[in-house]
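> Got chain B; can you put chain V on it based on the hints?
2 protein chains.
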Amino acid sequence: MDGENPASARFSFEVRGRDAATGARLGVLRTAHGEIPTPVFMPVGTAGTVKALPHEWLEALDARVILANTYHLYLRPGPERISRIGGLHRLISWPRAILTDSGGYQIFSHRELRRIEEEGVRFQSHLDGSSHFLTPESVMDIQRVLGSDIAMVLDDCTPYPCGHPDAEISMELSTRWARRCAVHWSRDCHEARALFGIVQGSTFADLRTRSAEALLDLGFEGFAVGGLSVGEPKSAMFEVLEHTLPLLPDTRPRYLMGVGTPRDIVRAVALGVDMFDCVLPTRNARNGCLFTSEGRLLIKNAAFADDERPPDPDCTCLTCRRYSRAYLRHLYVSGEYLSATLNTMHNVTFYLDMMGKIREAIASKSFGKWLERMEKWPE
Amino acid sequence: MDGENPASARFSFEVRGRDAATGARLGVLRTAHGEIPTPVFMPVGTAGTVKALPHEWLEALDARVILANTYHLYLRPGPERISRIGGLHRLISWPRAILTDSGGYQIFSHRELRRIEEEGVRFQSHLDGSSHFLTPESVMDIQRVLGSDIAMVLDDCTPYPCGHPDAEISMELSTRWARRCAVHWSRDCHEARALFGIVQGSTFADLRTRSAEALLDLGFEGFAVGGLSVGEPKSAMFEVLEHTLPLLPDTRPRYLMGVGTPRDIVRAVALGVDMFDCVLPTRNARNGCLFTSEGRLLIKNAAFADDERPPDPDCTCLTCRRYSRAYLRHLYVSGEYLSATLNTMHNVTFYLDMMGKIREAIASKSFGKWLERMEKWPE
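Top to bottom, those sequences are chains B and V.
Quick note: the first sequence, position 248, residue 248 per the numbering used here, numbers continuous.
Quick note: the second sequence, position 366, residue 366 per the numbering used here, numbers continuous.
None of the hints are false.
It does not matter which identical chain is meant; a pair holds if it fits inside one copy or across any two.
Listed below are the simulated DMTMM-like cross-link pairs for lysine to aspartate or glutamate, each with C-alpha atoms no more than 25 Å apart in a straight line:
#1 Lys376 - Glu239
#2 Lys300 - Glu80
#3 Lys300 - Glu56
#4 Lys51 - Glu35
#5 Lys51 - Asp306
None of these hints come from the bench; they were simulated from the model.
Chain B extracted, bound-state conformation (with noise of 0.2 Å):
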């Protein structure tokens, strides 16, 4: 049911394409639950769904990855049911790509309830209150009874603003984090599956690189920016951008850890993004807010209650080949289930969809219209 292909089990990403006037690249992503075109964006599914959308909707998208949080699975249904079933794949039947992302940002968000130690971090479960210790090396080990085909490392994610003291040792904490994650992942390696650094250090150049260095030398398939969209200016945030990822080797996949708006993400491709994941798309879906090409558009306004036209005219997703506005608005203000699966449907279909526009803009050549056309999206 995981649909594992043994024949194809070495993670690998090759770029296969370059943007001439930008650091926009086109690549793939090689997995044993399937190939990744990227630039990516992949679908949050935190408790192994993406939230209000049936599998089979995000396979007729040709989603081809979801990304679902280590955090979560741990405390339900927990690592030992997972590992009885033989893996998340397996619990969920999605017999493609899942990434994982490790806990270290929930934790980090849930700041009353955590203690972060040398070891590793004490907290207390959002469900019920119980005690749980977590280090890079059960990090590790959750992942790998999961069957990630991507896993992160354990890192301690530096709030915004913090001082250059605190981010420094923050920072620190991560690397030594990372290192103690590398060493135990390799102890037991699974060729088909990577593990993926998370360059850390705030807003200050001097860390970003110093996190950056420390990563390189322990052999990550992968790298992550961590740290951003979490209060700071985006002028801060790609400034961070530009300075870390040509630091990383241009080998190997780039991923923009819970960015961003649309905008957002084509900015970030231009400076060399491989992957991407947020809950902008879903999240809003289930508040009413729909991503078109026109912008954003709030389902529960009164002006759209006799409006006949589809949520976007441009929008080809089985929402708006069927469903008006003023059908949505009515499921949004009636509460009921359909509106967060239509509106979730849409929204994940405007982020797949541009990203597949952005490779097709790379593939010809003209990706740098596709960035002067979304720097004018209304944010």
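Just chain V, lined up with the frame of chain B:
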């Protein structure tokens, strides 16, 4: 978009076969939105959506008709908006048949918010407390605006238990309202659409007889048995059915409102009922209760946490073909949207498959066996 087909625009019902030993019969309802083989179960789509189930999946199940609710749609989005859009089929993008109940039952359910008068019913909206007054005539007008393929008269639904004097008063009011509905409906009669009368009279045979006889004179296209499944014992419900159904014309469809469990349905088919609706499969699905060939399955049960079997090994629905009890339990305890969607898909499939098997059994002269088998189904 509403797919109305003028060529088949006359509503009709035809009995096509009968069981030799029971009152069960095979038939077909012809509507402007398609043919409906009977006996039929109509999934409940109160607000214009079968909760948590995409239209696409209903169509994949070949659901030919859904039930929507006049009361709910009157309050939201309101008949003016539905009129501007061009009817309910168009608003919700559902090209197949729709039966609308009149709202009598819903107003009855909000007992503290309503007052019954001869002219009609005064009530406060359960949504915003606003005051409303509906009459038999206005309820006909609303269902005309909705474009219901099958409309229901406004009735006064008697609670259980109820003394004979009160039940008689209520039944007589329902009868006067039914007459007003029939008169008003006939003034602007769309021959593609049907109006059904509703037999009332609580558990009293004499009242049921008088109600049925009065309705017969009013030229309804079909007859419902109402006021059941409101708390009375099963035996009382079946006594009413056994008494009432023979009073109704053999050539017209018979609809048992709001019923019921799988066993109830099979038994009622044996008495000659053609049409059913009930929230049981959809509401139970959202509460994690799945109907299976071996009885009910409460998916939150810890025993299912490691259970890789589908909910029902005998079922071929989308849910059972792909997903395990372990995953469905995980989705349920995690409060995920997909839980409601996958569970609803299964339960609605269970009901529609059962109706298909009932029709096959009647056609192949094996309905008696079916009846026996369902008597063993553990309710």
